[in-house]
Amino acid sequence: MSVSGNPAVPDGPTGTENRTERSRMPATRPLHLAAEIGGPPRYDAASHVALARLAEGGALDFVTLRDSFARPGLDAAAVLARVAPETARVGLVPTLTTTHTEPFHVSSAVATLDWVSRGRAGWHADVSTTEAEARLFGRRPAAPAPALWQEAGEVADVVARLWDSWEDDAEIRSVATGRFVDRDKLHHIDFEGSTFSVKGPAIVPRPPQGRPVTVIDATTAPAGRVAARHADVVYVRASSPEQAAALRAEVHRSAARHGRDPQAVRVLVALTVDLGDAETAPEPGLESGPQLAGHGTYFRGGPVDLAELITQWYRAGAVDGFHLTPLSPARDLERIVNGTVALLQHRSLFRTFYPGGTLREHLGLTRPANRYAAPRTEAAS
Amino acid sequence: MKQMHLAAHFPGVNSTTVWADPRSGSQIDFASFEHLARTAERGKFDFFFLAEGLRLREHNGRIHDLDVVGRPESLTLLNALAAVTDRLGLAATVNATFNEPYELARRLATLDHLSEGRAAWNVVTSSDAFTGENFRRGGYLDRADRYTRAAEFVATARELWDSWTPDGTPRPFAHTGRHFDISGEFTVPRSPQGHPVVIQAGDSDEGREFAASAADVIFTRHGTLEAGQAFYADVKARLAKYGRRPGDLTIMPGVTVVLGDTDAEAQENATEIRHLQVSPQNALLALEQVWGRDLSSYDPDGPLPDIDPDPESDLVQGRVKVADPLAVAAKWRALSEAKGLSIRQTVVEATARQSFIGSPRTVAGELEAFVEAEAADGFILVPHLTPGGLDDFVDRVVPLLQERGSFRSEYTGTTLRSHLGHAEPVWKG
Numbered sequence: 001m002s003v004s005g006n007p008a009v010p011d012g013p014t015g016t017e018n019r020t021e022r023s024r025m026p027a028t029r030p031l032h033l034a035a036e037i038g039g040p041p042r043y044d045a046a047s048h049v050a051l052a053r054l055a056e057g058g059a060l061d062f063v064t065l066r067d068s069f070a071r072p073g074l075d076a077a078a079v080l081a082r083v084a085p086e087t088a089r090v091g092l093v094p095t096l097t098t099t100h101t102e103p104f105h106v107s108s109a110v111a112t113l114d115w116v117s118r119g120r121a122g123w124h125a126d127v128s129t130t131e132a133e134a135r136l137f138g139r140r141p142a143a144p145a146p147a148l149w150q151e152a153g154e155v156a157d158v159v160a161r162l163w164d165s166w167e168d169d170a171e172i173r174s175v176a177t178g179r180f181v182d183r184d185k186l187h188h189i190d191f192e193g194s195t196f197s198v199k200g201p202a203i204v205p206r207p208p209q210g211r212p213v214t215v216i217d218a219t220t221a222p223a224g225r226v227a228a229r230h231a232d233v234v235y236v237r238a239s240s241p242e243q244a245a246a247l248r249a250e251v252h253r254s255a256a257r258h259g260r261d262p263q264a265v266r267v268l269v270a271l272t273v274d275l276g277d278a279e280t281a282p283e284p285g286l287e288s289g290p291q292l293a294g295h296g297t298y299f300r301g302g303p304v305d306l307a308e309l310i311t312q313w314y315r316a317g318a319v320d321g322f323h324l325t326p327l328s329p330a331r332d333l334e335r336i337v338n339g340t341v342a343l344l345q346h347r348s349l350f351r352t353f354y355p356g357g358t359l360r361e362h363l364g365l366t367r368p369a370n371r372y373a374a375p376r377t378e379a380a381s
Numbered sequence: 001m002k003q004m005h006l007a008a009h010f011p012g013v014n015s016t017t018v019w020a021d022p023r024s025g026s027q028i029d030f031a032s033f034e035h036l037a038r039t040a041e042r043g044k045f046d047f048f049f050l051a052e053g054l055r056l057r058e059h060n061g062r063i064h065d066l067d068v069v070g071r072p073e074s075l076t077l078l079n080a081l082a083a084v085t086d087r088l089g090l091a092a093t094v095n096a097t098f099n100e101p102y103e104l105a106r107r108l109a110t111l112d113h114l115s116e117g118r119a120a121w122n123v124v125t126s127s128d129a130f131t132g133e134n135f136r137r138g139g140y141l142d143r144a145d146r147y148t149r150a151a152e153f154v155a156t157a158r159e160l161w162d163s164w165t166p167d168g169t170p171r172p173f174a175h176t177g178r179h180f181d182i183s184g185e186f187t188v189p190r191s192p193q194g195h196p197v198v199i200q201a202g203d204s205d206e207g208r209e210f211a212a213s214a215a216d217v218i219f220t221r222h223g224t225l226e227a228g229q230a231f232y233a234d235v236k237a238r239l240a241k242y243g244r245r246p247g248d249l250t251i252m253p254g255v256t257v258v259l260g261d262t263d264a265e266a267q268e269n270a271t272e273i274r275h276l277q278v279s280p281q282n283a284l285l286a287l288e289q290v291w292g293r294d295l296s297s298y299d300p301d302g303p304l305p306d307i308d309p310d311p312e313s314d315l316v317q318g319r320v321k322v323a324d325p326l327a328v329a330a331k332w333r334a335l336s337e338a339k340g341l342s343i344r345q346t347v348v349e350a351t352a353r354q355s356f357i358g359s360p361r362t363v364a365g366e367l368e369a370f371v372e373a374e375a376a377d378g379f380i381l382v383p384h385l386t387p388g389g390l391d392d393f394v395d396r397v398v399p400l401l402q403e404r405g406s407f408r409s410e411y412t413g414t415t416l417r418s419h420l421g422h423a424e425p426v427w428k429g
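The listed protein sequences correspond, in order, to chains A and B. Heads up, the first sequence is in the numbering used here, so the first residue is 1 and it goes up one at a time. Heads up, the second sequence is in the numbering used here, so the first residue is 1 and it goes up one at a time.
Errors might be hidden in some of the hints.
With the C-beta cut set under 10 Å, the calculated list includes, among others, these residues of chain A facing chain B [claimed, not checked]: (1) 77; (2) 132; (3) 137; (4) 141; (5) 195; (6) 203.
None of these hints come from the bench; they were simulated from the model. Given the structure is predicted, the values throughout are model-derived calculations rather than measurements. Built from N, CA and C at the ideal position, the CB exists for glycine as well.
Next comes chain A alone, as it looks inside the complex (with noise of 0.2 Å):
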């Protein structure tokens, strides 16, 4: 085993010098925290409750649910339909792939969950790039990541549009004039990609949230592209906190190219996490070791150490979070919630409680102007 760079983890800091450090923290935007509830496949919602309830408790931001064709499992998004009335505030991400989905649909799913869950929904976008998921279609053959993340991008996008198509105000249930909706606040889209064309409007009203957050791993470079463009999370992989840094700069300065405010992006660390048996590993910290491919860096250790080094990153002004993978979800999120978590919000570092209702709130983010709405109406986005 190999410990990458930074966090040998130091002894635990007393509460005197946890107060010092606290002092010296400059005004620093909140921790934000996020954990996989996805593992070895489930088949009942049961299961995929407990863990969204498990996190909650720990009032995590989100939860996301992986998936792909290419694996048995569920579809993400249902699941996470399923777990929205049982829960209240945590967030819910399910991966959406956008190869061989239609835009349409993914913009309607997505909308859906975010009216179920009454403005909690997020999706993480995600391309098919093997052979074997497309002969499951037998529509197109596969194609390299980077076209297929071009037209990731597009379907961000144009889901993106279908969820403005609708103004907030667009239902007007006029008697005296009969209509139920003012059609001029429902807007064609009219939009032309390089693989495909959605005319709109969406069939679904403009969600809760206006756009419900879109998520995007960036550990690879055609994704990272998209994701400075269209993402209101971003996931990195890093190995230290001075690489975090670096790679959150890089998002917002590659996001302020598109014209976008870096402020607006949230940039979180992914971290792959193996919690073990004992209560703090021999030799805890950040493996190059057994990388999951796409699931960020490795980190091995207890529950404290894992506190430790979110503590770490996180008052090093490094990362705006973390999007914790277990490697267990059933064996570790428990450990997460109760240990980590617990110790992070004893140190003042994360909230206790959800002061907002919908997840862009617990991100910090606004909700989106609508980009189709009048200036008269809405301050220009």
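Since the structure of chain A is provided, determine the placement of chain B on it from the hints.
Coordinates of chain B only, in the frame set by chain A:
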């Protein structure tokens, strides 16, 4: 007494749904769907039914604005409803033209697992390039191709649903046909009820044949008792050649019900509802759908137009066209002249009245009579109000049906298939 089946249709994007009533709630908030689904489950209904939208309707090149517009995506919504119901079947309308078998079979199987065996799929097809403008697939399918694609789609979905061994091991599948050439491995084990229930909606000859060959439920149009009996006999007779028994296909017409304390009061309520449904603007629109012309300058309280319909018109997009506009126009004119009716009055008279109108006892008796006379196996109720439109029926009619022994007092099984009295499909390994 014969047992009937009951289902609830969420009020949708047509003029049946009255949105101007002060009691009318949100058409999109989850609370509305939860209310209606819980009401249906309280009434021990077989299933809850959602229609689908893939393109907002347009009229004269502009979004149609007089009826309810917009709705959630069915399968996502039903997965959420699975969390707040225990026994109620959950039926999603999903188009076979603008989806692919692998992905949709997976989404349906997922709903079946997450609801523990309560999923149903209402298979519809679409042919119009208008809807296709929202999809990669785009384009147009002629009528015959729509049904061959739908039939192959359903058959392929069933191959996928059967692809895992009963002990839960995934096995590779391969399907090669006219419409689909796919292979690989499905990601979901066999469903808790074997396969999700398949519903077919449509009365055409192709639709009936497709239903007889492949569907578990047929969602049909309601008419007279005699028309219902003829349809029932025709469809049930088609089952034998597919090796199926009459009980294997449940015939459920979509119906509207208006109640009152007395039959006379119910009739008054029915007329009032019809006038709410046919607003002055909706009356002109109904006329334009027949005439195929812009009639916005006409007075809805005045006489019908003198000009004839334009049978070639493309004024209306995204809904089924009137088959023979000249004949319909002649009929409406005759009605208007005979009774001295205005445009609005003519539309109220000429378009369908509610299916069952009366006191709870009268309605219960008529529903039973339809089932006893083999004009239907049950009914899909289409309320005119969201979300309270089913409350009266469940509170006042269902107890009578239960008392008389024509409808279940408790669910006896956990799956939709068990509510319908259908056996689990044989696993084809």
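Quick rundown of the hints versus the structure:
no.: 1; hint: 77; verdict: holds (6 Å)
no.: 2; hint: 132; verdict: holds (6 Å)
no.: 3; hint: 137; verdict: holds (5 Å)
no.: 4; hint: 141; verdict: violated (13 Å)
no.: 5; hint: 195; verdict: holds (7 Å)
no.: 6; hint: 203; verdict: holds (4 Å)
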